[in-house]
Structure formats: structure tokens, C-alpha cells
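Take a look at the letters that make up each chain.
2 protein chains.
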Amino acid sequence: MQTPLKIAVVGSGLVGSLLAIYLKRAGHTVHVYDRSPDIRTIQFSGRSINLAMSHRGWRALDEVGLGDEIRQIAIPMDKRAIHIVGEPLAFQYYGKDGESIYSLSRGLLNRKMVSLAEAEGVEFFFETKIWDVTLADATLHAGDTERGEWNELKYDKVFGADGAFSRVRHRMQRQSMFNYSQEFLNTGYKELNIPANEDGTHKLDKNSLHIWPRNDFMLIALPNLDGSFTCTLFMPFEGENSFEALKDKDSLEKFFATYFPSTIDVIPDLVADFFKNPTSTLVTMKCYPWTYSDKVALIGDACHAIVPFYGHGMNAGFEDITILNQLMGQYGDDWDTIFKEYEISRKPNADAIAELSYRNFMEMSSKTADAKFLLQKKIEKWFSAKHPDKWLPLYSRVTFSYRPYSEALAIGDQQKAIMDEIMQIDGIEEKWNSPEVEQKIIELLS
Amino acid sequence: MQTPLKIAVVGSGLVGSLLAIYLKRAGHTVHVYDRSPDIRTIQFSGRSINLAMSHRGWRALDEVGLGDEIRQIAIPMDKRAIHIVGEPLAFQYYGKDGESIYSLSRGLLNRKMVSLAEAEGVEFFFETKIWDVTLADATLHAGDTERGEWNELKYDKVFGADGAFSRVRHRMQRQSMFNYSQEFLNTGYKELNIPANEDGTHKLDKNSLHIWPRNDFMLIALPNLDGSFTCTLFMPFEGENSFEALKDKDSLEKFFATYFPSTIDVIPDLVADFFKNPTSTLVTMKCYPWTYSDKVALIGDACHAIVPFYGHGMNAGFEDITILNQLMGQYGDDWDTIFKEYEISRKPNADAIAELSYRNFMEMSSKTADAKFLLQKKIEKWFSAKHPDKWLPLYSRVTFSYRPYSEALAIGDQQKAIMDEIMQIDGIEEKWNSPEVEQKIIELLS
Numbered sequence: 001m002q003t004p005l006k007i008a009v010v011g012s013g014l015v016g017s018l019l020a021i022y023l024k025r026a027g028h029t030v031h032v033y034d035r036s037p038d039i040r041t042i043q044f045s046g047r048s049i050n051l052a053m054s055h056r057g058w059r060a061l062d063e064v065g066l067g068d069e070i071r072q073i074a075i076p077m078d079k080r081a082i083h084i085v086g087e088p089l090a091f092q093y094y095g096k097d098g099e100s101i102y103s104l105s106r107g108l109l110n111r112k113m114v115s116l117a118e119a120e121g122v123e124f125f126f127e128t129k130i131w132d133v134t135l136a137d138a139t140l141h142a143g144d145t146e147r148g149e150w151n152e153l154k155y156d157k158v159f160g161a162d163g164a165f166s167r168v169r170h171r172m173q174r175q176s177m178f179n180y181s182q183e184f185l186n187t188g189y190k191e192l193n194i195p196a197n198e199d200g201t202h203k204l205d206k207n208s209l210h211i212w213p214r215n216d217f218m219l220i221a222l223p224n225l226d227g228s229f230t231c232t233l234f235m236p237f238e239g240e241n242s243f244e245a246l247k248d249k250d251s252l253e254k255f256f257a258t259y260f261p262s263t264i265d266v267i268p269d270l271v272a273d274f275f276k277n278p279t280s281t282l283v284t285m286k287c288y289p290w291t292y293s294d295k296v297a298l299i300g301d302a303c304h305a306i307v308p309f310y311g312h313g314m315n316a317g318f319e320d321i322t323i324l325n326q327l328m329g330q331y332g333d334d335w336d337t338i339f340k341e342y343e344i345s346r347k348p349n350a351d352a353i354a355e356l357s358y359r360n361f362m363e364m365s366s367k368t369a370d371a372k373f374l375l376q377k378k379i380e381k382w383f384s385a386k387h388p389d390k391w392l393p394l395y396s397r398v399t400f401s402y403r404p405y406s407e408a409l410a411i412g413d414q415q416k417a418i419m420d421e422i423m424q425i426d427g428i429e430e431k432w433n434s435p436e437v438e439q440k441i442i443e444l445l446s
Numbered sequence: 001m002q003t004p005l006k007i008a009v010v011g012s013g014l015v016g017s018l019l020a021i022y023l024k025r026a027g028h029t030v031h032v033y034d035r036s037p038d039i040r041t042i043q044f045s046g047r048s049i050n051l052a053m054s055h056r057g058w059r060a061l062d063e064v065g066l067g068d069e070i071r072q073i074a075i076p077m078d079k080r081a082i083h084i085v086g087e088p089l090a091f092q093y094y095g096k097d098g099e100s101i102y103s104l105s106r107g108l109l110n111r112k113m114v115s116l117a118e119a120e121g122v123e124f125f126f127e128t129k130i131w132d133v134t135l136a137d138a139t140l141h142a143g144d145t146e147r148g149e150w151n152e153l154k155y156d157k158v159f160g161a162d163g164a165f166s167r168v169r170h171r172m173q174r175q176s177m178f179n180y181s182q183e184f185l186n187t188g189y190k191e192l193n194i195p196a197n198e199d200g201t202h203k204l205d206k207n208s209l210h211i212w213p214r215n216d217f218m219l220i221a222l223p224n225l226d227g228s229f230t231c232t233l234f235m236p237f238e239g240e241n242s243f244e245a246l247k248d249k250d251s252l253e254k255f256f257a258t259y260f261p262s263t264i265d266v267i268p269d270l271v272a273d274f275f276k277n278p279t280s281t282l283v284t285m286k287c288y289p290w291t292y293s294d295k296v297a298l299i300g301d302a303c304h305a306i307v308p309f310y311g312h313g314m315n316a317g318f319e320d321i322t323i324l325n326q327l328m329g330q331y332g333d334d335w336d337t338i339f340k341e342y343e344i345s346r347k348p349n350a351d352a353i354a355e356l357s358y359r360n361f362m363e364m365s366s367k368t369a370d371a372k373f374l375l376q377k378k379i380e381k382w383f384s385a386k387h388p389d390k391w392l393p394l395y396s397r398v399t400f401s402y403r404p405y406s407e408a409l410a411i412g413d414q415q416k417a418i419m420d421e422i423m424q425i426d427g428i429e430e431k432w433n434s435p436e437v438e439q440k441i442i443e444l445l446s
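In order, the protein sequence lines correspond to chains A and B. According to the UniProt record's numbering, the stretch in the first sequence is residues 1 to 446, in order. According to the UniProt record's numbering, the stretch in the second sequence is residues 1 to 446, in order.
Careful: at least some of the hints might be erroneous.
Among the chain B residues that face chain A by a calculated CB cut under 7 Å, a handful are [stated by the list, open to error]:
1. Met177
2. Tyr180
3. Glu183
4. Phe400
5. Ser401
Hints were generated in silico from the structure; no laboratory data involved. C-beta: ideal position from N, C-alpha, C; glycine also.
Using the sequences and the accompanying hints, generate a full structural model.
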């Protein structure tokens, strides 16, 4: 057991709320600060992409007994449903034996997490703006405005779970030897909506993550409990097919009629939603170190914000908590070691999932529509079924395993080199599941 | 001619002062702000690496007629002098026909530049702290402390020439879609000193940049006008041979006796200077965009801080001014276009010199002591002399030409691939200047 401490968590998002529960369970007094109002009291913003919870996320919830409660608001998706103009809908299964990722509304989940944390005895302070942190003594500085009066809030430890634009990190950035990068994609996104049928059922297959892959841009849709789908249009800001180019009702409708004709009937409020909802940016943020002495630690998006194309932002943040909690169990009151081991073990994995997420835009927006890529996936699945000890596909290692992300990236690169060679085999389309191909893969693996 | 404007330059360093002169000459009212006292009134800090001015830097000075005045305080260095334990001193010439880089004291040069700017009619405001900038209307916010009272200083344009930790950029960083990275090396540096002989002459060859290459670490020395040399020890912060390991007089003296025995006699104040002078960090900083509308622009280290191993930090910053000035001549009052073209044309070159500088640590600290590398340099020089139209060595293209840095990087990579192949030739040591080798290079070039 650890000596009970007074701990502040900045940020009441998913990672902040769950971390607060873990810290409370470990016997600490936990205060959570957020500059926004209580999410349970407000309308959602129209700029969220639905979450896809997978193994790593569930493990963090199950460890504190919350998995089952959250499963009640989650919808399993065991496959991609690929929409290509002029072709029948095609399903691509994610894993084996019904392995699924789970669609969750970010807002709904966050409300639930805050309530669960409160029930545990965590105290929340909403609409409280933290402008700065004194790192050396874990003191928060809160006030109404950045240039106004501030008051000091002294803690034993501070966790920065305040997202990609973290104020806690902002202070750490000013330290010497603090490595930092933020890189925005030229692709942005906008939320759209497919409402439920009148009887409350879903208009599209409920247990699929729907993708309309169009190379430079794509539309995706994830199911909600109420029969609707939250859609996200990913598209460049500028250029031929871009947010800039869709400047009025006419250009928008013409664009959707050309590229997404099958959505016309199911997105009735296209024009209104498109021009009402904001166009949001996508950023990859990396930094190091993540901790300051035994006083302050960053967690989740605050230290590793990634683009959403692997659906692992929340999963990676929840895994931070799992690892931190393991280290708390291992090292007790030695917070110096806990923080040091935490950042050393998590950093390469955060970098790896950032890279995998960045690459996955190409996979989702282009390759899912490519026959050669689908054949490759089929070969991998076939070989993996015959030799599960020799081959775990990259997607499965990332999503349906607890193996480190860094391992997934490295092994994924090896597998890619092997598959590039296999796909060169003459007549691979016909003999993809032949003993010759099987032998060749085994040979290349050794 | 441009319409006269009221322009603020934040930062009175080398780039800020020279930019101010250019802007004044173009007819503008120019105010320069600096948080530090007037450099002409203070002692230098003991943390500077001497500058190595080369073609790009001289061009910017000559364009406004200042080159000759600065040449009077510059010492030409036409070669590297390599110090290896147990071997005679070896000279490696930088270019051909006496092409030289020029050693300059940063402090001395900066003092001179401020005086020259003042003589032109530029107004300087020292010890004036700029904490923030309102980008949309080019307004500076100055005050004694970050959290105290500020007053507003309104301009037509603001230039941020305030270095790697620029406050002007700091405001731009908070914009969406602003890409930014800062990466610190694990290697730091410390200034040491080789005093003059009693008669004012130099203790080592005056017209050389001296290097004691020791792989992970190295010592360098650049000549000063007064007969002394400014030395810089580059070394990892942690590890076997590191700043951390040199914690007392004994360990320091033992280290120097082992690795730099030839310096013992010429660095008399080693122990005192080592423990008095700070250990400084080395950072590469990249960002984009560099401008905000037609109101604010970053220049020099404020938008592209690089490590010092190519000696091009100041040269690159001065070249920013050359390009900006060309665009001012070309586009007149169309500052939107001036700023846009400026950042588009300079960004790839800033990235290229950052990469070249990063790589050059290896060249200086390891390769200069490697016989194979020296042979390669010899072959390049021989071939270049025979075929000047076909081969300009990378170092010369960077240092003794005005070709874009990005071109130098790209062509340098091609040349490296060719030389890698040439160095594989059996018996290259004997036939390095044979017709066979000459033909092979010509063949690989086409």
C-alpha cells in the first residue's frame, strides 16, 4: 500500500476520470480540475469522432471492475464495411472468432466515467481554469483569466491529463532539455450524422465500422445506441476535393452525389450539419520527458496526442494508467522510480502508436478499396490461422493483444517486407493458399 | 520603393541588428527591442562558440556595405587542424585557392552591429521585455514581469528575431495548424580558453579551426584577434566520458591528460574555467508557418535554430535577410506576397541546413580522424579540380557558394552514394587518382 497523498488531476476527460478512480482506489485524496463545465450538464459539441474501445481499453476498465457497466453502452464492430461506388458492400473482418472493437460515444462514456469517479469519492472542480503549475512543489495556479488574479492550490502530486493542448505540459515545455513536437495534418475532419430509422433501428449494418474510402479523403460511420451513426468526413483543407472547395450548398451536394451517392438517403441533414459543425484539425504531439521529479506527470493525450486512424488514442491513454498502476503496486512510495519507469516504458510505445496511426490513414482511405491489399490480408489471415504461433497480423497485435505497440510496429514492418515479397509471386491470385506460398512465408520468417 | 512603415524588430542579436539596418535603408522607421542590457555595456557570458562567417554571411553584410568593416575583426581559417594523440598535427583544407571561413567573436560582432545600426538611425530599446504579441495588429506587449502591468506598442509590422526561445513565435505556436518541434541533443558544450602568448601571438596556428576529435566528444578552438582561442568542449551530459562524470578537479585533470594531453600547456585555467562556465544545451528547433498575415514574421534562430556543427546558424539567418530584401525589392508594398514567398522559399533551406548541421557532428568528432574519410575527401578534391562543372564538394556548396542549402543536401546525398561505391574499389588507396577511378565517377554521375 502507498502512503495516502493529496493528488490533483488536471482534466476530467476519459483518461483523467479513470486515473482519478485508480488513484482513489489506491487510497489517495483525489481532486480533478477542468476548465469546462461538468460534461453531464452540457450538450455535446458536434466535433467528436466515436471511440473504438479495444483490448487495452477494456483491460484498464476491467481492472477496477467498470468494464461491464461500460459494455452496456458499447456496440461491437467485428468488421469494416467498405462502400465503393458501383460495387456491392464488402465486409472485412478485423480479427478471428468475432473479435471486435467497440463503438462508444465519447460524450456518453465521459459522463459515465465522471459519475463513476464521483461515486468512488473523487472530488471534481469544474469551470476551474488552471493556467500554470509550479513543477517543483506540485502547486496549481487557478483563476478566471490568464492575466487576472490566481490562487494557489498545493498538492503532493499533479497529473496532467489535460489533453493535446495541456497547460501542465506547457509549463514543462519551458524547461531546458524538453523535447517537443506538434505536427498538424493537412487533412481535417467534420462530424455528420446518420439518424436512426423511425423504429429506432440502424439504417446501415450496426456491427460494422463503415468506410467510404476515396484515397485522399474518406467518410466513416460508427454506430450509436440510439440507432444513429456518428459520421466523420476526413478531407484535405485545401485542394481539388477539400473543405475549402465545399463552400456552398451546391458544391457540397454535387460532391456528395459524385463521391458518396449511397449516403444521400441516409444523411438527411447534410447541408445544415456540414455548415454548422466545425472543421477540426488533426495533430500528432510528442514530447519527453513526461514527468518532473516525483511531483508532476503527464498522461494520455497530454504527452502523446495521435491522429485517430487506428482508433487508439483512448486505448493508449488507458494503457498508460494500467502501467502506472502496476508500477505503483511494484514500487509503493518510491514515486521517483514509479515516474521514471513509467515514462521510460511508455514513451517508445506512444511513439509507435503515433506512427501506426499516421500510416493507417492510407490503409483506411486507399488500401481498403484495393483488391491486391485485400488478397494480402486474406493470405495473412489464412497463414495466421494455420500458424498462430508464427504470425499475428499487425492489426490484431495492436488491437486484440496487450503486446507493446513498439513490438507491433517492429514486427509489422518485418511482416510487410515478407508480404511484399509474397505478393510478387507469379500467379499469387490463384495459388495464394498453396503449400508453395506457405513454405515461402515460413522460409522468409526464419 | 516601399511606403515607409513603423516596424518593430524583437531581438538585438546579429540577425535583429542586421535586419534593422536593411529595413532602415528601405526607408522604414525601425525600433529594436531586447530584454537584455545593451551588449556594448556588459561582459560576455562565457557560453559563446565563436562564429564562422562564410559566403552567405558576407553577402548579406556586403550588400549594405558593412563587409569591409567586419572583415577587420575577422580571422580567416582556410583549414581544419586535427589533433590526434600520438600523431603529428594534420591540416585539412576547406576549399581551394585559400577559400576560408572567418572566425569572429559573437560578442564583438554583435556590439559592432548594434553601433552600425544606431549610426543608420535605428532606435534600440534595451532591457525592455516583450512578453506577448497580438498577431492580428502587430502590437507588442511589454512590461517588467510576465504577470505584471504591460503596455502596448503598436506597429505596422513586427519581426521576431528573438532567437531559439522566441516570445513572438511562442504566441504563434498557440495558433491552430502551427507545426513546431524542439529537440535537444544529449551532447552539451562548455567554453574554455587558450590565452595568447605573452607577446600577443597565438599559441596554435592562427588560421586553422582546431579540432581534437574523440568520437563521442571533441574539443574545438577558434582564433581571436587578441591572440587567444575560444575553445568549446562538446560532450554528452551523461555516460562514461561526460559532463556528469567530470565532477571534480581530479576527474577533470585525468580526463584531459588522457584525451587532450596536448592542451594541458595551452589551457592554463582549465579547472577554474570548467567549473565556472555553464554547461550549455544544443537544440534543433523547427516550425511553420513563419509569418502571420502581412503583420508578423519570424527570422533567424526564432524560426530555425540549429546545432552549431556546420557553423551556419548566423549565415543562414543572414541569408534570410538577403532573401527577404530581394522580395521587398521585387514586390514593393505587397507584404502579403513578400511574407508568403519568404517562408516558402526559406523553409526547405532551413530544414536542410538543420539536417546538415546535425550530421556534421559525426564528421567533425569522428570522421576527421579517419584515414578512409580523408582519402575520400582527397579523391573528391582531385576529381572536383579536374571537373569543376561536375563536382562541387558538399562542404564547398554549403559554405563557399550561394546555392540553396536544400540543393546542397540533395546533391550531397547523391555524391555520398557515389563515393561509397568508389571507396569499395579494390586497391583504392593506390589508384585513387587513376583514370579508372575518374571514369567510374563520371559513369556513376550520369
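Okay, the hints, checked on the actual structure:
1. Met177: Since chain A brings a Cβ to about 5 Å from Met177 of chain B, closer than 7 Å, the hint holds.
2. Tyr180: Holds - the Cβ of Tyr180 of chain B comes within 7 Å of chain A, reaching about 5 Å at its closest.
3. Glu183: holds, 5 Å
4. Phe400: Cβ of Phe400 of chain B sits 33 Å from chain A, so the hint is violated.
5. Ser401: violated, 31 Å
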